[in-house]
Amino acid sequence: MTQVLFKNRRPGETVFLDGYRKTGGYEGLQKAVKAMSPDEVREAVKESGLRGRGGAGFPTGVKWTFFPADQFGEKYLVCNADEKEPGTYKDRELLLADPHQLVEGMIVSAYALRIPVGYIFIRYGYERCSQNLERAIAEACEAGFLGDNILGSEFSFELHVHRSAGRYICGEETALLNALEGLRANPRSKPPFPAVRGLFGMPTTVNNVETLANVQHIIVNGPEWFRGLAATETGAGTKLYGLSGHLERTPCLELPIGTTLREIVEEHGGGVWKGRTFKACLPGGASTPYLAAKHLDTPLDFEPIEKAGSRLGTGGVTVFDDTTCMVAATLNLNTFFARESCGWCTPCRDGLPFVSWLLEKIERGEGTMEDIEILRGQIRNIHGRSFCALATGAMEPVASLLDLFMDEVVDHIKRGRCPLKR
Amino acid sequence: MAEVLLTEDQLDHFRVRAAEIAHPRELVIDVLRAIQSNFGWVPDEGVELTGEILRLSPLQVEEVATFYDKIFRQPVGKRVIHVCDSVCCWSRGAEEIYAHLQKTLGISPGGTTSDGVFTLLPTCCLGACGEAPAVMIGLTTYGDLTPERLDEILERERAALEE
Amino acid sequence: MPTITIDNQRVTVPEGTNVLEAAKKLGIVIPHFCYHEALGAVGACRLCAMTFLEGSDKGPKLKGVHMSCMVTARDGMVVSTLDEESADLRRHVIEWLMMNHPHDCPVCDEGGECQLQDMTVAGGHGIRRYRGLKKTYVNQDLGPFISHEMNRCIQCYRCVRTYQDYCGGTDFGVLGCNQRIYFGRFRDGTLQSPFSGNIVDACPTGVFTDRTYRFRARPWDLEEAPSVCPHCSLGCAVIPGARYRELQRVRAGVNAKTNGFFICDQGRFGYGHANRPDRPRSPRLGEREVSWPEALGALRRELEIIIAEHGSQAVAFLGSSRASLESNAQLLELARFFGSENFALEIDPERDRAARTTAALLGECARSQEEVRRSDFVLLVGADPLNEGPMMALAVRQAVRAGGSAALIDPRPVELPFAATHLPLSPQNLPEVLKALAEERFERFSARERTVLAGISARIKEAKRPVLIGGGNLLGSSGAQLLIEAARAFSRGDRACGAALLLAGPNSFGSALLAAQSPGPDRLLAQMQEGRIRALLCLESDPFADHPEPGRARMALSRLKLLAALDYLPTETARRCDIFLPTTAPAESAGTYVNFEGRMLPFGSVFDPGVPIQITGGGDHPPRSFEAHTPGSLPRPAWAALAALRGDSLSLAHIRRNLQRSDARFAGLAELEEGGEGRRVNGAGQMPGHGPELPKHPSAEGALRLVVTECLFGSETIASFSPVLDPVRPAPVVRLHVEDGVRLGIHDGEKVRLRTELGDLAVEVRLCEAMAPGIVVLPRLRQGEWEIFVPGVHRDCILQKEGG
Ligand SMILES: Cc1cc2nc3c(=O)[nH]c(=O)nc-3n(C[C@H](O)[C@H](O)[C@H](O)COP(=O)(O)O)c2cc1C
Ligand code: SF4
Ligand code: FES
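Chains as they are written, first to last, in this note's numbering: chain Z, 23 to 444; chain Y, 21 to 183; chain U, 15 to 818.
Note that these hints are calculated values from the structure, not bench results. No incorrect hints appear here.
If you want the ones that stay clear, here's a sample from chain U, every Cβ over 12 angstroms from chain Y, calculated:
no., residue
1, D292
2, S440
3, R537
4, Q543
5, A684
6, Q814
Calculated pairs, SDA-like style, for lysine to any residue (alpha carbon to alpha carbon, straight line, at most 20 angstroms):
no., chain 1, residue 1, chain 2, residue 2
7, U, K149, Y, G130
8, Z, K383, U, R143
9, U, K77, Z, A411
10, Z, K212, U, M84
Using N, Cα and C, we set each Cβ at its ideal position, and we do this for glycine too.
Given only the sequences and the hints, what does the whole structure look like? Please build it.
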């Protein structure tokens, strides 16, 4: 299987400059700076069909067309390495294994967008990743890949690591900008979009670690190659899938985007653990709707997964076996979102606790049929009604609980207890 | 753990940085984290000192400090044990791990052991979903936990502190 | 101008109007919390949802449920507020907001004016479904003005947006995260912003309530009327509330042209003057309390005797900038009635000339607070808005927040709630700098000063809506003239440069308009000294306290045969006069002030004067003590008392009609509505004569120029009689430039002796960097020996180390 981002990954090891260069590291940068105009780099990324790996899946090349790339001056490239959505740990694996992947990707992206300053916003707790990045940045500076007049060109770029102090909302791109500025990390209203008014009021693009790390490979090998990596017609590239939950093995792997859920569960995850059966999974992190056993043959790529009623999200696949109480699982998820709400808008700040209260009541066996109606009202009025995508995302598993596992919910109410409680 | 908020070197460093950058406020988390790593937590004086360095009012610093769950505005033990209670760890026995910790340490969530060594706090996903259940002690993440492995880790953390 | 359809009704609104406002125009009020006209839309509460049926012809198609505060009205939009989808959301939002609310309405001070109550009903939420635990909070002590009850909070963020964003305060904000959000301070303690009271108005529920008014009345029991703040020359709209013959609170009124929605804490908490137990409420002959007829008769007789003996010019009349336009006009009527030409409408000669110059020259250059808020460059010269007209500081702040900029040329260390370049020039250089700016000739200034001035002049030229703001106290009349001339010089065909001058009192401009024929207060004083003026009638004026040369004033006053006064404050003049007539406080009668820009602002009568039940009955009803007269019948509006002295009884409407008939400048006065936007006067005043020039440079070796400056909560007459403000009175310290401190060997915080022509004072010194050298800045305080220093630039003084 083609390994692009993980090709240097060895258990328990980190590859730094020498190792990175041995397998072609910084050739993308050389090619971009020496042989391509920023325009051409952007065009290649657009052609490649690369879509954002941070959760929303927006085509990166298209996003960059909104950015005033040809305007010189104060602009920022921000890498979103906050990664706090339960079930998501791919960026960590990449930064633990091969931090230069991101550094080079950022330099090439900055070149394409004529950006002089970059920040990597990294979550609290990824201390080793931060240290790896700091070392990689120092090495890149030393080698002339970062800093003034990179590789003798006119292009200069400086890169900083910002360590955060917790809070999932910091991963939302506009909240992240506020956090970087030292303000409370409430999201900002859009428009104006960060491309117009971002960090310190200047044009900014925010991209995910995995997204940025793909850029230099597209430059070296071309957009066609990148499209060809996918397992699906519509897809492009590989994807880092982080497995978790009730599987025999829970590795993080690089696979062609569009690998089926079945292959991931049965081959790479070694099947559902303890010989049990597959009940459900979150296919792309905590804010994606559940998929059930009937969806096992869905290719995990943006379009097919949407057809199945869920989202690719971040590609963190969390599997639940047949002994799992889905009400309890959903309660756990919802409580996470309630706790991580930034407190700005009402549906999220007060609506999510309301939902937790309802789910807990049902889980305890004290729910009524009327509570299901109340719950539907909550979902209807939180989903799509919150200020940012956090609370809307929180409703996705709750809504799919009612869609896919209604019997189980009703069973709680009818029996007056959790039918799956051991 | 040092009893100073910031060392002379750190003070100089932050003062110089604050003077040379256009938006000194962007350093607020850096300063608070430095204080926390020296002092264990951020006392009121730490908030005031941060404000003084960055030319912010204490309230302006407090607004940011209290937003984050990993800035401690109350005393904590020498090592904070962050127990992941998000869904992947939950699905693989986080509740048992949490219960075990409470029992062996004799404290409930939010509490600190009487010897002042450990504080127990729940946390959301640590990014260790592939090695669930996991905890983070200080800034070190431990995965694939069982009660036995956890006991060993606590032993090691304690021993490291005594050195 | 887009036309949109809301609930099948069409409405055309100005470009940029949001859909929530557009609906309001149709009388459709959709519940909302976080949106506030002055604070803008932030889309946080998610309550103002409407259903968009048709997008617009142009721009992105918008369909489905959206927050109407966040959507700009565009041509062709079709919107429904009745649609079940958005109604459902609004109901849910209210339900969420009420999850943790304590439902303590019966004991909540907000009851009766609680928006949360209104919105809960309007939102259609009635029955509680959430049965979980409620959050509770510990409250903070926020100082004497504001009480804190966090349990009632619904997290609309309006308080922080008011306090920090609009007003620039930095000691109050939002703490915590998720459902555990707390609005408060770092520690317990008095809120530092001089605009703190606005969070009471901004809070839609009972989290922040007026502590000074707490538990004293339900809002529906209050007598209220639209009024105008009497504490400075800006003329902000206020709504005082009274009960039991007691002024109990003041809240901000709304006037788009003046204050917008907010007021300063002096305007809000300076109301206690009306309720003082020592307020003189009965007419008096000497020490003896008498009836109105007796007092009026005696006063008229005494005046007639003096006129008979010494001629008409022996009686003089002194009005004030604190008295209404109508009262001052009646004072002039009275002077005319007695045939006297000796009158003045302001006791301080320099303030008198500054106001008259402004009224004479400002004309088209005049800019309102609203126009300042919209300005893109503001230059302050010798103006300290936080202290001389606080809301003007906020007006400039809004200009700066909207992308404009500001600069300040002032000798004093001036604190401002916005960023501004400060050029500290000595006071005698202010006229010069204004001339230099107008002529763009900066040779006479130092290299550094030249750079700053060239920058300022470039910014004025680039700006589309520049405004120059001056302060009457420091600029005086020649400075006011130069400032207005500079504004004219900067005006071009394509755009004008505006000007504004902060004057002394609420009616300075109006008094100045009326004062055309006045010989000025100096002449009056001189004639009193010479014994040519024998009688003086003071209308809400305190010549003992407010003349810059108190010794001279006292001497002159002591030579009078008759001193009569009309007032509602226990001033020294009121105490020492031979005949006293009690007048109504501003909230007790209607009237008109003409504010700093020449805007006539009528105010209504809130309540009838009378001894508060708090005093007569210890707060109980009915009063426990009996008196010959009805407690309350005694004070009269000054204009009524003055008319009665002529034997006339006129209504206020009548006075206004006479005024506009006889003086075209006041056209429209009689038609103006209280609580409206008011209207600029139509025409100008007349230039006053020249006053004596101050010597250019200090005379004695080592001497410093003394600059007395107004300070918030400490200087203004009415507020100084309001005990509520006692806890926040400014400290008596003087400020000195660091260089002077070094030269004189004086350290920061040191106690030294200040020697002046007027007298000596033991003072504490603060050393400052951001001020001009060669001056001592002394606050105008109305306490004890400090009171002799009235605002303005004085002659020399000397600072001496104690024992040196
Ligand atoms: C609540 C919330 C949390 C998010 N957290 C992350 C995150 O941790 N990392 C990330 O890359 N994107 C995160 N996102 C998505 C970002 O807002 C943004 O879309 C992304 O960083 C863009 O990068 P991409 O286009 O490369 O995917 C989050 C979004 C929301 C609403
Ligand atoms: S949905 Fe609202 S409260 Fe929740 S995180 Fe986003 S802005 Fe904050
Ligand atoms: S008023 Fe529109 S969201 Fe609050």
